[in-house]
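S.K.: Below, each chain spelled out in residue letters.
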Amino acid sequence: MIRRRSDGRYLQGFPDHVPQQILYLAEQLDQMVDSDAPEVRRLFPTAYANDPEKDAGYHALARDGLIEGRRAAIATIRRTAEEEILSEDELMDWLTVVNDLRLVVGTRLDVSEDDQPEIDEDSPDAELWLAYYFLGQVLHEIVQGLSG
Amino acid sequence: MADIDTAPVETEETDTDVLVDEDRPWIVLVWNDPINTMDYVAFIFQKLFGYSKQKAETLMLDVHEKGRAVVSSGTRSESEGNVHKLHAHGLWATMEQQE
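Just so you know, the sequences run in chain order C and D. Each residue of the first sequence is one higher than the one before, counting from 1 in the numbering used here. Each residue of the second sequence is one higher than the one before, counting from 149 in the numbering used here.
Keep in mind that the hints were calculated from the coordinates and are not lab data. Mixed in with the good hints there might be a few duds.
Computed spacing ranges between beta-carbons, pair by pair [what the hints assert, rightly or not]:
#	chain 1	residue 1	chain 2	residue 2	range
1	C	ASP122	D	ARG224	47 to 57 Å
2	D	ARG216	C	LEU128	21 to 31 Å
3	C	ARG3	D	SER225	19 to 29 Å
4	D	HIS212	C	ILE85	33 to 43 Å
5	D	GLN246	C	PRO124	17 to 27 Å
6	D	PHE197	C	HIS140	20 to 30 Å
7	C	ARG3	D	LYS201	18 to 28 Å
8	D	TRP179	C	GLN31	20 to 30 Å
9	C	ARG41	D	SER225	37 to 47 Å
10	D	THR223	C	ALA72	38 to 48 Å
11	D	ARG172	C	GLN31	35 to 45 Å
12	D	SER225	C	GLU127	39 to 49 Å
13	C	LYS54	D	ASP210	38 to 48 Å
Nothing here was measured: the structure is a model prediction, and the numbers come from that model. Just so it is clear, CB atoms sit at the ideal spot from N, CA and C, and this is done for glycine as well.
With these hints in hand, go ahead and build the complete structure from the sequences.
M.R.: The following block contains the structure:
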């Protein structure tokens with residue numbers, strides 16, 4: 001799906017609905033990334049596990065930058081969702097957004113290491129599980145493309 | 149005299165202790181989490197630290213199998229920078245001063 005070109009840029013061959021779906025989800029993340037929603041807290045982990053005071057200092061300095069970086073990556077998706085040729089930096093932003101989305105969705109689903117459930121279409125979480133698997137596939141394709 | 153001699157020595161010792169304490173290197177740990185994928189974690193180690201594919205995969209497997217791995221060591225400031233970069237990429241990273 002993603003191939004490195006001889007000029008160092010990348011050709012993304014996803015069907016059109018894939019970047020559109022990423023953009024749709026990314027816009028929701030953009031709305032909530034600076035909120036205190038439990039699933040978003042996963043994007044701002046503890047730095048000093050044994051020292052709450054130092055950890056508060058780290059977060060006071062780091063939080064805005066982490067939010068800004070994530071919003072910049074979402075802005076790249078907004079700008080390039082219809083592009084077939086991406087620079088390495090742009091593709092890295094796609095990777096960041098897709099992984100952030102997967103972390104948020106996975107946290108909301110409370111996935112565990114061995115969770116690979118069949119999706120029960122009647123479950124209220126069915127749509128989230130679909131998104132989780134979708135994001136996992138896209139993530140894999142991008143990592144393969146960037147590593148290749 | 150004894151009192152006067154003792155006081156400065158104690159102060160010096162305290163200063164030295166502080167210096168030595170600050171000088172002890174900090175390590176950055178990445179912890180296993182149930183969501184990040186193995187190939188993503190190995191790729192991020194290569195990308196952020198310039199590690200070879202082999203080293204990145206060894207570290208990733210340590211995270212996966214042992215629950216955590218030390219991915220860098222250095223000053224407190226360097227380590228905070230590395231933790232920040234790992235957090236920006238969604239990895240579960242912490243830092244602590246080496247014993």
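S.K.: Hint by hint, note whether the structure agrees.
M.R.: Against the structure, the hints come out as follows:
{"no.": "1", "hint": "C:ASP122 - D:ARG224: 47 to 57 Å", "result": "52 Å, holds"}
{"no.": "2", "hint": "D:ARG216 - C:LEU128: 21 to 31 Å", "result": "28 Å, holds"}
{"no.": "3", "hint": "C:ARG3 - D:SER225: 19 to 29 Å", "result": "39 Å, violated"}
{"no.": "4", "hint": "D:HIS212 - C:ILE85: 33 to 43 Å", "result": "34 Å, holds"}
{"no.": "5", "hint": "D:GLN246 - C:PRO124: 17 to 27 Å", "result": "47 Å, violated"}
{"no.": "6", "hint": "D:PHE197 - C:HIS140: 20 to 30 Å", "result": "22 Å, holds"}
{"no.": "7", "hint": "C:ARG3 - D:LYS201: 18 to 28 Å", "result": "19 Å, holds"}
{"no.": "8", "hint": "D:TRP179 - C:GLN31: 20 to 30 Å", "result": "29 Å, holds"}
{"no.": "9", "hint": "C:ARG41 - D:SER225: 37 to 47 Å", "result": "25 Å, violated"}
{"no.": "10", "hint": "D:THR223 - C:ALA72: 38 to 48 Å", "result": "27 Å, violated"}
{"no.": "11", "hint": "D:ARG172 - C:GLN31: 35 to 45 Å", "result": "43 Å, holds"}
{"no.": "12", "hint": "D:SER225 - C:GLU127: 39 to 49 Å", "result": "44 Å, holds"}
{"no.": "13", "hint": "C:LYS54 - D:ASP210: 38 to 48 Å", "result": "25 Å, violated"}
Hint check: violations occur at hints 3, 5, 9, 10 and 13; the rest are consistent with the structure.
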